[in-house]
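Colleague: Same order as they appear, the protein sequences are chains A and V.
Using my numbering, read the first sequence as starting at 335 and increasing by one per residue.
Using my numbering, read the second sequence as starting at 335 and increasing by one per residue.
Don't read these hints as lab results, they were simulated from the structure.
All C-beta atoms, glycine included, are put in the ideal place defined by N, C-alpha and C.
Among the clues, some could well be false.
Incomplete in silico selection of chain V near chain A, CB under 7 Å [what the hints assert, rightly or not]:
| hint | residue |
| --- | --- |
| 1 | F373 |
| 2 | V613 |
| 3 | R616 |
| 4 | L619 |
| 5 | L623 |
| 6 | I652 |
| 7 | R654 |
| 8 | A661 |
| 9 | I664 |
Lysine to any residue pairs mimicking SDA-like chemistry, simulated, CA-CA at most 20 Å apart [claimed, not checked]:
| hint | chain 1 | residue 1 | chain 2 | residue 2 |
| --- | --- | --- | --- | --- |
| 10 | A | K650 | V | E367 |
| 11 | A | K650 | V | V613 |
| 12 | A | K409 | A | T638 |
| 13 | V | K633 | V | E367 |
| 14 | A | K650 | V | R366 |
| 15 | A | K633 | V | Q663 |
| 16 | V | K442 | V | A350 |
| 17 | A | K378 | A | K633 |
| 18 | V | K667 | A | Q636 |
Calculated Cβ distances over 10 Å to all of chain A for the following chain V residues [what the hints assert, rightly or not]:
| hint | residue |
| --- | --- |
| 19 | K410 |
| 20 | T589 |
| 21 | A612 |
There are 2 protein chains.
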Amino acid sequence: MPMNLVQSILAGERLALSRLLTQVENDTSAGREALIELFPHTGKAHLIGVTGAPGTGKSSLVNQLALHYRKTEDKKVAIVAVDPSSPFTGGAVLGDRVRMRDLSGDPKVFIRSMASRGSLGGLAQTTASLAQVFDAAGFDIVIIETVGAGQSEVDVARLAQTTLVVEAPGLGDDIQAIKAGILEIADILVVNKGDRPGVENTEKALKSMLDLAHPTQRIFQHHGTAMRTAAPVSAASATPIWIPPIQRTISTDGTGIEKLAELIAKHAAHLRSSGDWAVRERARLEVELATLIRTALMKRFQETVSQSLYESTLQKIIQRTTSPWEAAQILLKEM
Amino acid sequence: MPMNLVQSILAGERLALSRLLTQVENDTSAGREALIELFPHTGKAHLIGVTGAPGTGKSSLVNQLALHYRKTEDKKVAIVAVDPSSPFTGGAVLGDRVRMRDLSGDPKVFIRSMASRGSLGGLAQTTASLAQVFDAAGFDIVIIETVGAGQSEVDVARLAQTTLVVEAPGLGDDIQAIKAGILEIADILVVNKGDRPGVENTEKALKSMLDLAHPTQRIFQHHGTAMRTAAPVSAASATPIWIPPIQRTISTDGTGIEKLAELIAKHAAHLRSSGDWAVRERARLEVELATLIRTALMKRFQETVSQSLYESTLQKIIQRTTSPWEAAQILLKEM
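Build the full structure now, drawing on both the sequences and the hints.
Modeller: Below, the structure written as structure tokens:
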């Protein structure tokens, strides 16, 4: 069965694609088998992460960007919309409807919304797997859209080769509004809603933040998650470093989108010529491997340690006669 | 040595406390030993999580709340400010300075800022440990402040017994602004900056979101991280359910802070009478145990599997001759 599914995916069949995406999201064994079969066909797509605080107009921007890739470059575009805002209900309904109006019916566009189920590791892992499916299915561009600032978005955005951080004027005037912008992961800064008052101030603030950030010392490293860190590629030191450009856009009418697409292409070219593409690819796959190992180890633990020992140890923690640290040691001795 | 440190902490010595917090943040063995010794002295503090999008004025609100507990209730107050906005630089400098003006010099207040280093599991784990230290050191109230919406904040907020979600008028007018509010984890909703235009609309929107959320079906469950989920305490069904109240505040002048403190006390009383306090305590400690086990297992993995096998397997993934799933199986066979 999975082989048939895999052949259909590679042949570009939409229904098979849709079905596999569901299998992957639900983490079924058929989905996993298909991922293994598809993996050799991955590595061709350009993964673009789009992140930013709520209210910046990210969804419309992604919409416009996808339209641009369709109309002027005839590229196959997939959008993975990750919405970690609601761990219970899963959102993105209205946002999708807006998007669908422009892109629906186009066979070279595929939009997938993901509710943020499960733990963070699971979210980033599932997003990575969905991106792999689209990559293998021949999509040239895979846009990964996430909401808000925070570690989860950082993790999801780091799946991408190029990360856009979207800001907008007037999103709160205190310092935190900029502090919380995950500036450091941005390859390109987008100031959307560029027709709003205060846009110059937003750009000025971003520029001074960039100066403070010392871009010469930026390191691409996945904190804590990768097991061992790749040594920097020596070739990189010979090429000029990438200083995140700031692009103003108005996603409601498409202003600035073409220039933004140019910057994205320029960034991809920079990654290739500097050797950073390979560095990021390695880091990305290393994180994926670490996540899979972590999940498998926990599964093994749960299968080995008896429910009754687990429960009695937990009770000792609750009664504060054993600390969590000691309890972990006791349980791990069973493995 | 650690025993001396522990005695000093229990005796309320500030310098020892400060030193231990650093040890715990750096995850040293001395810090871990002290945590084990201190653990029996924990379980008395009321942990209050404060979360919300950037620009809502969370820091000032926490400031006012701490002042209230000092001035009118003479409680010892600790603040753990977690700032996951900057994985590279660590932020919160200016926010702290503002806060310090009102609270500095008070021996019954302790403020600790944490940059978001390390992975998410690490962040929540470190925050939990810091809260334990404050708890053992006799702080009655431990306020855990986090920035923004997202899974990481959900995880950190869930360390608390009472979680405040802070909103403010005018933070972006599209649907996402509310969608991204992590409404579902809120025990109390705070509409801060209550003197701003649009405050009624924000409250109205929150009210309709609450109605949609079907509070009767709210479940306290840590998605994906806890290994086994506690069965609901049957006593809980006999007591009235908690519907998150909405409290308007103006943190710049303290309006609404007293009422907010009343709601917080009311929520704690509700948790105790309904049995939910015990349910949350169990869930919280279970998550902590799971995190410790996961970390220990990964450490064991890294010590067992040779660097050369790891590296050659990773290379096969990069060359796309082995999928990450297969690679994980190969490496795990070594353990």
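Colleague: Could you check the structure against the hints above and give me the numbers of any it violates, in ascending order?
Modeller: 2, 9, 12, 17, 21
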